[in-house]
Every structure is written in structure tokens, then in C-alpha cells.
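Put chain B on the given structure of chain A with help from the hints.
Protein chains: 2
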Amino acid sequence: MFKVGLLGLGTVGTGAVKILQDRLGRNPLLAEIEIAKVGVRDLAKARQVELAAGVLTQDLDSIVADPEICIVVELLGGLEPARSLILEAIAHGKHIVTANKAVIARYGPEIYEAANQAGVYVLLEAAVGGGIPIIKPLKQSLGANRIASIVGIVNGTTNYILTQMTQAGAEFADVLADAQRLGYAEADPGADIDGLDAADKIAILASLGFGGRVKREDVYCEGVRGVSAVDIAYAERLGFTVKLLAIASGQQGDLSESLQLRVHPTLLPKEHPLASINGVNNGILVSGDPLGEVMFSGPGAGAGPTASAVVSDILNIVGILSSSDENPALDPLLSCVHQHYCQITPIEELQTRFYARFLCRDLPGVIGHLGTCFGDHRVSLESIVQIGFQNETAEIVVVTHQVREGNFRAALAEIQKLEGIKAIASVLRVLSSQEV
Amino acid sequence: MFKVGLLGLGTVGTGAVKILQDRLGRNPLLAEIEIAKVGVRDLAKARQVELAAGVLTQDLDSIVADPEICIVVELLGGLEPARSLILEAIAHGKHIVTANKAVIARYGPEIYEAANQAGVYVLLEAAVGGGIPIIKPLKQSLGANRIASIVGIVNGTTNYILTQMTQAGAEFADVLADAQRLGYAEADPGADIDGLDAADKIAILASLGFGGRVKREDVYCEGVRGVSAVDIAYAERLGFTVKLLAIASGQQGDLSESLQLRVHPTLLPKEHPLASINGVNNGILVSGDPLGEVMFSGPGAGAGPTASAVVSDILNIVGILSSSDENPALDPLLSCVHQHYCQITPIEELQTRFYARFLCRDLPGVIGHLGTCFGDHRVSLESIVQIGFQNETAEIVVVTHQVREGNFRAALAEIQKLEGIKAIASVLRVLSSQEV
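Residue numbers (the working numbering), protein chains in the order written: chain A, 8 to 443; chain B, 8 to 443.
There's no promise every hint is true.
Identical copies carry no separate label here, and so any pair may be met within one copy or between two of them.
Said to hold, decoys possible - Below, in silico cross-link-like pairs of lysine to aspartate or glutamate (EDC-like), each with a Cα-Cα straight-line distance of 20 Å or less:
no.: 1; residue 1: Lys277; residue 2: Glu300
no.: 2; residue 1: Lys424; residue 2: Asp369
no.: 3; residue 1: Lys52; residue 2: Asp225
no.: 4; residue 1: Lys25; residue 2: Glu300
no.: 5; residue 1: Lys429; residue 2: Asp185
no.: 6; residue 1: Lys429; residue 2: Glu355
no.: 7; residue 1: Lys424; residue 2: Glu402
no.: 8; residue 1: Lys25; residue 2: Glu39
no.: 9; residue 1: Lys25; residue 2: Asp296
no.: 10; residue 1: Lys429; residue 2: Glu399
no.: 11; residue 1: Lys52; residue 2: Glu75
Keep in mind that the hints were calculated from the coordinates and are not lab data. Quick caveat, the model's predicted, so the values are computed rather than measured.
Looking at chain A on its own, in the form it has when it is part of the complex (with noise of 0.2 Å):
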């Protein structure tokens, strides 16, 4: 028997112990498994389940030092105490099972390099795509494969907010509000909608695909506050969808491990595979070769998926555990043994597609101006459209050609001087079909 601590009895973790609970259909490696604590906040709030007497614990340092626990799962979120009961519970030898992207994406290097030294496993399946099987396979199915890129929709909430604002024609903030109400949004969104949670998650996959670590930091990141209904609409009518994507890529043919990290709203073709992924899920599509391009996609996040998740990690400790003597070596494809920082490549350097959108006082020659103003910076234009003219303000779409980020970075800063210019409402970046 596989005696478990869990620090957290929230919905993921009442979703692991139903699960445990009920095994009847499932991997019957489950009956190895023992529910020894958990440990919660308020011993006197209802419970969703059932459990034994003295199972519920207010102290969680005495699951994370038990000498009868072998794995301990961290449920709590956040960054503290969740990095020091893990570091706790990983000095006493215990194996880890956690759903926490941000305490991973910021304190791997320390909590791996304990890890290894303990000689036990962190393994974090729900950290990232909430039920999809994401993590395990790119530690342990694509590692034959020279990634070249790992691009998903990895937030739930803001493909929900998106998905919305693209069906219902509404705003933002409007459809911020709905996705509150309905649970899909937290009262305070920021980790979400500005794109933090994504850039964690993309900060964990890149070091998994690259095979190096990552700075948190490195990843370049917008969220989706600033994407009007209107940018919706004009994107759809040039064949694209609004999507926020998360993006690991090497560079094309460069093998000196220099990355892209990037969190950003992006004008995807609609026949793009990840472009029909909508509402609550996720998709994820990794790119390598000899491979070619695979996708996973499912239910991001919820109680159920993520308690999936976290019961086949607690799962894969046991299967090894019940194979293996007292003290085996770490299974080097399923820990993380990266020395190494990866570089990243700053975002000027983006070679990218643009799209943006500028409101104009409707002066003769604006568009000429905008053109030639773009033309010194070497952006090249797809297209340069005016959409509409309203209250003395015109609309002028531009879609560039693949430009260097800074150039066209640079050119925006002179545009913003031009007389004719009132404001530059939005910038999006835009994925070719072709590219990643």
C-alpha cells in the first residue's frame, strides 16, 4: 500500500479523492493507493466526500514530514507555503505530484534541484492542459524529435472570453463579467486575462520540448485586454480568428537553442488546426522532426480533467515504485535534469506577421503617409485598408508582410507623430498557415 498526503481539499482535490474513491472501472493500480491525510484550512467546512476519522489535518507540515508518506500531492496554488511544504516534503523524501504552474514555471530550478538530489519525482501532468496528457508525453513520447516549435491555447478562461466575443459579436468587459458569473472567470482575473497562467504553462513546456530551463521572466507576454469586438470582426472578414496564443519556437535552422518564448493575442487562419478549439478547452500542437505536427486538445481545466491528471501522476509513482528496490535512480526521461539555461531571443527579433488598427482624421494622403512611414522601417504591407469613416474618424486596417518586430515596432513610434493620426487602436500579431 501507497500511502498519500494531499495538501488541499478544493475542487481539484475532492476531484482526486472521488476518483480514489471509486475505483471500480478503472487502473486496478489504484487499490494501491491510500489516502493517509489531507490537509485543509477549516476542518469544519462541508466536504463534497468522506473521510476516514483523523484523515483531515489542519497541520500540514506533519503530512509533508509523515515517515508513512510516499507521495505528497500540493493542491494549494499559489506560490507560498506550496514552495516550501514541496521543498519540505521533497527533503523528507517524498515523491511529488503537483497541479501548480506557477510555483513550477518560477521555482523549478530549486525544486528539481532538490529533487534530484532526494532522489524523487516531481511530476506536474496538471499543471498544464488540465486533463490532456501533455507533460508525460514530451517527456516521454517526442524525445526522439528535434522540436521546432510548441504553440497552444493553454488558458481556459480567455479562449472562453474570446470564443464569446468572437460568436456573440460582445465586448471585453461584458464578456468578462458572464464568464464571472459563470465560473469561468475568477473575481480577480489578472493571472488569466493578462496572460500570466499561459506563460507559465509555456515557461514549463518550453523547458520540457528545448530541454533546458527557463526563466520565468523570458517570456514575452500581452494578454487579452486590449482586443476589441471590432478587431474580432475585422479579423474574421480577413479569414482569421482571435486567439491568445502561447509560443515555444526555435529558430528556423538554428540548432544554437535560442528560443521565442511569447504569450500574445494572435490572428490565426481559420483553417489553422488550433483556430476550431473553443470555449473552456485547450489545444496544443507541438511541432518537431522528424515528426511532423501533432495536437492534443481537451478540457484545459475543471475539477474532473485536472483530477485526472493528478491521479495518473500519482499513479506513474506507484507503477514505479511497486518495480523498483528500495532506492532506484530517477528515471533520467521523467525527471528533469536540464543544467542549462535556454537562451531567448528578445522579442524585437520576431520575425512576425502584423495586423493593427489606427484611427485617422480622414486627411488626404494619410494612407501614404502610413505606407511610406512603414516603407523606411522596410515593413512590408499586405494590405492597407480603409474600413470606415465615422464622428471625422477614419479606420485604416494594415496587415504586414513577415517583418522583424523592432522595424515594425519602430515605424508605429514615427506613425504616432503623424498628423493625420489619432490613435493607434490595436496591434496584433498575425500566424502565417505556413509558419509554426
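Chain B only, in chain A's frame:
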């Protein structure tokens, strides 16, 4: 250093050697793998890869018996000598990696029994879905779930043919001839177009997903020879796409482990996630509790993708061997420990919708007779439409509600005898959006 012996150096074998010889940017564990021997039929044949002197051999028995080799990679395909060589290698204590769905679907129990006794792994990621990770995710990532269904497009050749028929409105025979010219279909295409390859694969997936052995002959199997351009066109009009689906599903709410196992061309609602899997791609949708639905999609065949899966299996074994002592027990998640056989529901008991096309003499009342026959057998119709009238023949297309297949067939047997019916031109099953 872990020495590997390859049986076969066709496209997949060559792809695997290329990966192993060009390690930059791939998992560093590849450096621990040495290609010790490669068994081929013809030593003189020109090869795309260079191998050290003495590595190529025609003596396949010497590979499976070589005491230096710890992993034997079987890439011969077909039943014999693949089966015998695998068993011989196991008897010599070698771990096995294979891409051979036919041999595993038919001799799985014999092979796994031998492997369990010898304490070796038999990994087969490449056997289903080419480069798409699906075997390991089912074993390692989804085990916490009670699997409800596995529905897949798992044969690239037939998917290519159906996609071409749909997009070009072409007839089966013409598209098949094209596919053969392009190398997407073999000269003897029977295994693909009669659904046998897909049946092998769903037998394997079902066994993994539902945790029991599956007899290959229990898989009900219809190929795509009977699908005509006319049916595809009618399906399109009705909002469906025609796909060859391989389906394993439990009875709803029934935990007796009785499975439906079937391969047949299917009308799929266009909004179904598998409807957009086109060309030679594969897609596999797994439903479970509490997971919900996850989908895996990508290149289902080809040298590169399949080699990616083969080498990932080699890496997995090397990872385990490099972290364990001399004689570790098998990880129960990665080995195959089922003893019982899944109970299979006969196809007559299937509850499904049907599409049928009848050629009729335009006798007044033929629609009435059809309706009466179906009604007598408790087959409730969603629509019955006379589509065309040509050469004294009317075409009537019927779509049913969910019915018991046995009842539907009994109705058809009676309909065949009706005076107004010239022929039952085609019968296809229809998947509801809600279903699986």
C-alpha cells in the same frame, strides 16, 4: 551503453537509424543507445544510411540471441517470422519495441505472457497512430479514468481516399488508383481498405483503454469499398462527412465491461472533432470519467513519424534500465497484465442510427411500404426522401433515429423482398453529435 538490434531496415527502420545517428537537439539519452546489429534480407541493397561494418546481417536469429543486445526492435511487419523472432528475443531476455499491429492484435496474449514471465517490456507506440502519442498516454496518463469510448480515424490510406472522394467528388476506384500511384496505398490495399488494419489497431487500443484482452476476431469490420461518391454527396447535404471510424465503447452506464468493437464507414456530423481530420492524418478521441473528451491527432503514418514513436519506445526502455538494478520488476503501468478477455457485444445489439439508400421502381406507395416495413421492426425514421429519378429508377435515402442494429437488419431483409425495391445500394451507420 545500451545495445539495440533492429529487425528490418525499410522506411521506418531507416528513419529510426537516422534519428539515432543525428542526435543534436534531441533527448540527450539518445547518446546511450548503440545500434549493434540490423537484420536485413539483402546485404547488397543500397541504403540511405551508413552503418559500421558488420552491423548489417542477414542472420536475424543471431540478433535476437545476441547476449550484448538488450532491446530488439521488430520492424518486419506481417505475422511471421515477426512473431517467432519476438518470442525468441523475449526468451533471450530482450526488451521488445515493435510497430507491428497485426502481430500484437493477434498474438498479444502469447507475447505478453512470455514477456511478463521473462520480465521484459514489449512497447508498441508506433503500432497505432504513427507519430501520435496514444499508447503511452492510454497506459500512463488516462488510467485514472473509467474509459467510456475510444473513437479513431486510425488508417491514413482510407482517410486519404475518403477525403479525396469528398473533396473531388471522385469514385472510390479512381481515387484508390491515384493513391497507389502516390504511394499512399499499397499495391495490395486490402488490409487498409477492408478495414483490417484499423481493426488491428482498435483491438489494441480497446485492450489498453478497457483493461482486458481482446480477441481480434471479435472486432466487427466493414471497409470502404462500398462507399460511393453518391453517398458522400448525400451525406454532405445532410450535414455529415464520411469517415472510416474504429470504435471501442462501453455500454452506457454498464460496468460489466461489455464492449462494442467495430470498424466501419460512418456518417459523422461535420462539427464533430474527428470530421476535420483529413488526408493521411489520424485522430483519436478518448472519452472517460472524469476526464471528458481528449483528442490526439497528427501524422498517422510515414517514415519520420513512425520512427519518432519507435525511438521514443527505445528511449523509454533505456530510461528505465538506466535507473534500475539488474532485475527490476516490471512497471505495471507499462507492462500488460490483463488475464481476462473483454466481453464483446454482438453487432446486432448495437444501438445506432443508419443511413440507407434504396434504388426503387417509382411505384406509387413505395415510400409507404418502406415506412411500414421499418415501423414493423420498430425502426423509427428521422427522414425519408426521394432524391432522384433516372432510367425508371428512383433513389430514396433514409436516415433513422437510434435503433437496435438487429431490428434494422431484419427490416432490410424484408424490404429487399418488396416488389418496388430494385436494390439496397448502401447502408452506413451515423454517429450522433451527442454519441461517443
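Hints, verified against the model:
1. Only within a single protomer do Lys277 and Glu300 lie at most 20 Å apart by alpha-carbon distance; the minimum there is 17 Å, versus 23 Å between protomers.
2. When the C-alpha separation of Lys424 and Asp369 is checked against a cutoff of 20 Å, the pair qualifies only within one copy, where the shortest distance is 16 Å, while the shortest distance between copies is 76 Å.
3. Taking the shortest alpha-carbon separations for Lys52 and Asp225, neither the intra-copy value of 41 Å nor the inter-copy value of 51 Å comes in at or below 20 Å.
4. For the homomeric pair Lys25 and Glu300, the shortest alpha-carbon distance between copies (19 Å) is at most 20 Å, but the shortest distance inside one copy (35 Å) is not.
5. In this homomeric assembly, Lys429 and Asp185 never come within 20 Å of each other (Cα to Cα): the closest approach is 32 Å inside a single copy and 58 Å across copies.
6. Taking the shortest alpha-carbon separations for Lys429 and Glu355, neither the intra-copy value of 25 Å nor the inter-copy value of 70 Å comes in at or below 20 Å.
7. In this assembly of identical chains, Lys424 and Glu402 lie within 20 Å of each other by CA distance solely inside one copy; the values are 17 Å within and 69 Å between copies.
8. For a Cα distance limit of 20 Å, the shortest separation of Lys25 from Glu39 inside one copy, 15 Å, qualifies, whereas the shortest one across copies, 42 Å, does not.
9. Proximity of Lys25 and Asp296 under a CA criterion of 20 Å is satisfied inter-copy only: 11 Å between copies versus 40 Å inside one chain copy.
10. Taking CA atoms no more than 20 Å apart as the test, Lys429 paired with Glu399 passes inside one copy only; the shortest distance there is 11 Å, against 71 Å between copies.
11. In this assembly of identical chains, the alpha carbons of Lys52 and Glu75 never lie at most 20 Å apart, being 26 Å within a copy and 61 Å across copies at closest.
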